[in-house]
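*Asks:* Here the working numbering is used: the first residue of the sequence shown is 15, the next is one more, and so on.
Worth flagging that the hints you see were computed from the coordinates, not collected in a lab.
There may be inaccurate statements among the hints.
[Claimed, not checked] 27 Å max Cα-Cα, derived DSS-like pairs, lysine-lysine:
{"#": "1", "residue 1": "Lys494", "residue 2": "Lys515"}
{"#": "2", "residue 1": "Lys538", "residue 2": "Lys502"}
{"#": "3", "residue 1": "Lys280", "residue 2": "Lys198"}
{"#": "4", "residue 1": "Lys494", "residue 2": "Lys538"}
{"#": "5", "residue 1": "Lys142", "residue 2": "Lys81"}
If you're wondering where the values come from, they're calculated on a predicted model, not measured in any experiment.
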Amino acid sequence: MSTAVTASTELKAQGNSLFAKKDFIGAFNKYSAAIDQDPTNAILYANRTACSLNLQKYFDCADDCRKAIEIDPGYSKAWGRLATAQDAIGNPSLEAWSKALETLPGENLSPGELRQKEQYEEGLRLAKEKFENVSTRLVPVALRPDQLPWTRAVALMPELIANQQDSSAWVILKAYQEFSEGVKTMKLVKRVEQVGQRTVIVGIPNALSNLSNGILRDRRVFHIDGPKWITNFTDQMLLEALEYNAWDRGDAASVIEQAQARQREKGWKATRRALSCTIRGWIMRGFFENGLKNNEQALKFYGWALEVLDWGRKAWKDVPSEDRGAIFESSVARGVRVLHMNTYMQAWSPDLGEDQPYSLEELLEEADDIIRDVDNNPLDPRQTYDPGFVLSFTSYPRGTALAVKGYCHAEMAALVDDDGDEDDESSPRHEHYVKSAEYYVQAGSSLPEDDEDHAWFLNCALQKFWLCGAPLRVTLPIMKRIRLAIPKMKRIWENSPPFAKREPSYQQTMRVEKDALEGIEEGKYTLTDVMNLSH
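All chains should be built: construct the whole structure from the sequences, respecting the hints.
*Replies:* Now the structure itself:
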């Protein structure tokens, strides 16, 4: 046995002893020293992965697992730990769990291997379930290119430029340009075998910024356009995390502490890159978790992102943007607040009762915070912005927040514990419905007429006015606005999933309007009469 191997064996034994005492940092260092002596020993890498898992250093764990697998492709334990790390990071783990099972002995399993088999089977089951959820919840209905909203937006550009008008086409097109640029970069990522059968991930480490910017501009831009999308995204995220030494463990407070230390030790360039990658990674993970209806996890990641963003904007307020990074621009935090607010609204449910960790009062406060932020922090007039940017980070956050306020008051009306009539203006329920309707009108008015949510928010307002017995002089103008907006909206959003669900309600609205107008012309109704779906 060579001197190096002997030294490696001794260091491994010392590492095992420290690991048994739960000194994971000490064990990690011993295994690292052992690897320096014998870098071809897969067991040493696997042992170090166990330390990384306990230290929640998931990217390090995944990296060491891959090194162990490169040396020994049949190392079941390394595949299992790789899958565990990928689950913790939020990356797809289906292949790793499958490999972990495949590489176990086919028969005569030891008690330890039987326990591993049970663990791997459960991990594979959960990974399959999550993959199916991704496929059904995150992937939109397949459409022809000419049916996609961003494609239709391109066709409208000459008209919009000539008329200099606001339009949702600006918003979705600019969001798509950013998002698609990120996807294009992401598709270049690949795994390359180097000398000695070592595999490394190579690519361009700047896709996360484009992907997250696209979603912050308009979350409707997200789509998966191929079977390798998720795998490419996983590798891209790992590439950028390793390239910029991002923080893969700990919460916002931990990252803030480490960021300050890195800035002191390595300067602004290293710090801003790591922070941007970390925060954008949280944004993307929050977005995926929300898409999978894991709202608690989504709120955690969005919350961490906001905590670091708010801290950085205050602590480094006098630091030039080119030093601290574009991640601390007000538009980023505002976009994340909107995502957080929407997720919070989805998480709240009247069925969960008073013991739930969410409240309508807290949701209202989030909406008010966004409106105040838009009002008190206008875009810098010295800078030039594209029309889509202005709408994405001013009108749309305001409109979305106003719609959330409308939603809150509608739910508060439903929760009022009294026998009062909605038509009774002194009833708390009536007051909430009126407020809800008024906020929905403001929300719809904040958005361009051709946005799918413009007509929908007005329709929500109409329904609340109907509930509180508003007369035709109030409801007819809203019905007219809805009717006139729908053809404009369909030019862009006709094939969106929300429109298909909303169209029956629009048809009912236009039927009521038609009956009301005919009734007024015939003398059956006046503008003081009440008409709704039950007329």
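*Asks:* Does each hint hold? Answer for all of them.
*Replies:* Checked hints:
| no. | hint | verdict |
| --- | --- | --- |
| 1 | Lys494 <-> Lys515 | holds (20 Å) |
| 2 | Lys538 <-> Lys502 | violated (32 Å) |
| 3 | Lys280 <-> Lys198 | violated (31 Å) |
| 4 | Lys494 <-> Lys538 | holds (20 Å) |
| 5 | Lys142 <-> Lys81 | holds (25 Å) |
Of the numbered hints stated above, those contradicted by the structure are hints 2 and 3, listed in ascending order.
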